[in-house]
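Each chain, letter by letter, is given below.
There are 2 protein chains.
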Amino acid sequence: MTIKRASSLGFCYGVRLAHQKVLDALKKYQKVNTLGPLIHNEREVKRLSQLGAIAINSLDEVSAPAIVLRTHGVRRDVLERVKKLGIEVIDATCPHVAKAQSIAQKFYNEGFRVVILGEVEHPEVQSILSYAPNATVVNENLEKFSFDKKVVERVGLLSQTTQPIEKLKLIASRMVELSQELVVANTVCFATRKRQEAAKELADEVEAMIVIGGRASSNTKKLFLALSSYDIDVYQVEGAADLPENVSKYKKIGITAGASTPEWIIEEVESRLKSL
Amino acid sequence: MTIKRASSLGFCYGVRLAHQKVLDALKKYQKVNTLGPLIHNEREVKRLSQLGAIAINSLDEVSAPAIVLRTHGVRRDVLERVKKLGIEVIDATCPHVAKAQSIAQKFYNEGFRVVILGEVEHPEVQSILSYAPNATVVNENLEKFSFDKKVVERVGLLSQTTQPIEKLKLIASRMVELSQELVVANTVCFATRKRQEAAKELADEVEAMIVIGGRASSNTKKLFLALSSYDIDVYQVEGAADLPENVSKYKKIGITAGASTPEWIIEEVESRLKSL
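Line order of the protein sequences matches chains A and B. Just so we're aligned, residue 5 is where the first sequence starts under this note's numbering, counting upward by one. Just so we're aligned, residue 5 is where the second sequence starts under this note's numbering, counting upward by one.
Keep in mind that the hints are not guaranteed to be accurate.
Copies of the same chain are indistinguishable here, so a pair counts whether it falls within one copy or spans any two.
Under the rule of at most 20 angstroms between Cα atoms (straight-line distance), these lysine to aspartate or glutamate pairs were calculated in the EDC-like manner [as the list claims (entries may be wrong)]: (1) K171 <-> E181; (2) K154 <-> E209; (3) K35 <-> E170; (4) K32 <-> E185; (5) K110 <-> E157; (6) K87 <-> E205; (7) K87 <-> E185; (8) K256 <-> E271; (9) K103 <-> E181; (10) K88 <-> D152; (11) K148 <-> E170; (12) K154 <-> E170; (13) K171 <-> E147; (14) K25 <-> D237; (15) K198 <-> E181.
To be clear, the hints were calculated from the coordinates, so they are not data collected in a lab. For clarity, every value in this text was computed on a predicted model and none was experimentally measured.
Start from the sequences, fold in the hints, and give me the full structure.
Spelled out as structure tokens, the structure:
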């Protein structure tokens, strides 16, 4: 059996960085808190909790000398409250999200009408929005969007980092005719797209694809869906234990993994396949 | 016979301003020069020349104590040469074009990669280009445009004032994926579009349309073409003398005129129609 990894898979840059920050903090303190589970991977979150990184859902639950803010960032008011806790704050906001936050703030300070492409309920968008409180969040009917007045002098447009570039192109195009000056900050992160494209590329070469990731991981689900149109067998697993019995029948197998899947789980699956 | 004017017709803002500047200059001097014919209307240019405004094609031909720079602007180097002539310089550059020039210069000074949507040979584009010498001029295959490198850090995009907004939307959309930061200055002037839309609106109400303008006037030609899909009779005339004999058969006639058609020619045509 030949086993091949997709050219891009697993932890993205932001997750890798956040994960490392937790490990570093655990060297310094016996226990740290993360504000919400660090990543959408139960097995890794469990492993981290055994090491001392305890996820909490509210600041009232803080029980450690350090707190980690996860990749998608926190609202400004939450950040202020966190700073007042008197414990060490480890900011693991993804650099792409932090950049989007600072661009939103810059637009806001310079008097732009700020427009954010994204899902208004998403924590990342909520965190960006807190830096440009009067911003407009758009996600659907982009071609028909309009302001309360016909033409706005200066529009600053940015995007939730995980939005498809096609949607940003569409809303930017619409904004051209609604503004005299338009600044578009391309804050779309290509990691998700790159991972999907690498998986599709590999799907052309193999008889089956194994998608590794947590059941709750949205980007893993999207990765699985992206492969559903291919005429091969596709399996989503959380680890080696989920591999189907008949997997030994394939001569060529491809592997991909979501942004929140750690290397050790990928290796676990790979080893099991090799042993067959 | 009912005669109705389109809600928008004749001189646009920039032409009106330039024309007034020539008349004002003629009050001060007996003779002025214009660098190129002031407008694409032979009859008005002839009338102005009889008043003392003489069109010249090169700075070597200057013969008056004042020179008028026409609406579409001049290249920076020509402006420098004009200033050294030692005669009064009357700058009648259209304010929309002047704004485009200054935006191009600002982009250039701030280190943007400057992109101009327009016809590279057009005098207006040449004048804008002289303020951002290394700019890229684009006009076709906008969706497939690419730079020498995959992604450019900062792009400044502007447009020749007479380009259709649809083309600016298209190239802006393409630039989103070719840049990290994109600034779009919407320098498209709506006068031409507004005039065309007003003519079409009126076409729905009448049996025939009269389009008044010089044979050499490009925007008059486009106005005529815009009406060609309507199931009514359309006539292009330079003045009352061109009106067809059978025009008296219509009960409802609409009138429109190009951006370079002076009010007195519109009135001349209107009077002749009323006298029928």
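Here's how the hints hold up against the structure:
Taking the shortest Cα distances, K171 and E181 sit within 20 angstroms of each other both inside one copy (17 angstroms) and across copies (11 angstroms). For the identical chains of this complex, K154 and E209 are neighbours neither inside a copy (52 angstroms) nor across copies (28 angstroms), given an alpha-carbon limit of 20 angstroms. Taking CA atoms no more than 20 angstroms apart as the test, K35 paired with E170 passes in neither setting, with 43 angstroms inside one copy and 58 angstroms between copies. Taking identical chains as interchangeable, the C-alpha atoms of K32 and E185 are never at most 20 angstroms apart, the minima being 49 angstroms within one chain and 39 angstroms between chains.
In this assembly of identical chains, K110 and E157 lie within 20 angstroms of each other by CA distance both inside one copy and across copies; the values are 16 angstroms within and 17 angstroms between. For the identical chains of this complex, K87 and E205 are neighbours neither inside a copy (45 angstroms) nor across copies (62 angstroms), given an alpha-carbon limit of 20 angstroms. Taking CA atoms no more than 20 angstroms apart as the test, K87 paired with E185 passes in neither setting, with 37 angstroms inside one copy and 32 angstroms between copies. In this homomeric assembly, K256 and E271 come within 20 angstroms of each other (Cα to Cα) only inside a single copy, at 17 angstroms, whereas the closest approach across copies is 82 angstroms.
Taking the closest pair of Cα atoms, K103 and E181 come within 20 angstroms of each other only across two copies (17 angstroms); inside a single copy the shortest separation is 27 angstroms, beyond that limit. In this homomeric assembly, K88 and D152 never come within 20 angstroms of each other (Cα to Cα): the closest approach is 39 angstroms inside a single copy and 50 angstroms across copies. Both within a single protomer and between protomers do K148 and E170 lie at most 20 angstroms apart by alpha-carbon distance, with minima of 16 angstroms and 14 angstroms respectively. In the homo-oligomer, the alpha carbons of K154 and E170 lie at most 20 angstroms apart only across protomers (17 angstroms), although the nearest pairing inside one protomer, at 24 angstroms, exceeds that limit.
For the homomeric pair K171 and E147, the shortest alpha-carbon distances inside one copy (10 angstroms) and between copies (15 angstroms) are both at most 20 angstroms. In this assembly of identical chains, K25 and D237 lie within 20 angstroms of each other by CA distance neither inside one copy nor across copies; the values are 37 angstroms within and 76 angstroms between. Proximity of K198 to E181 under the C-alpha cut-off of 20 angstroms is restricted to the inter-copy arrangement: shortest distance 14 angstroms between copies versus 31 angstroms within a copy.
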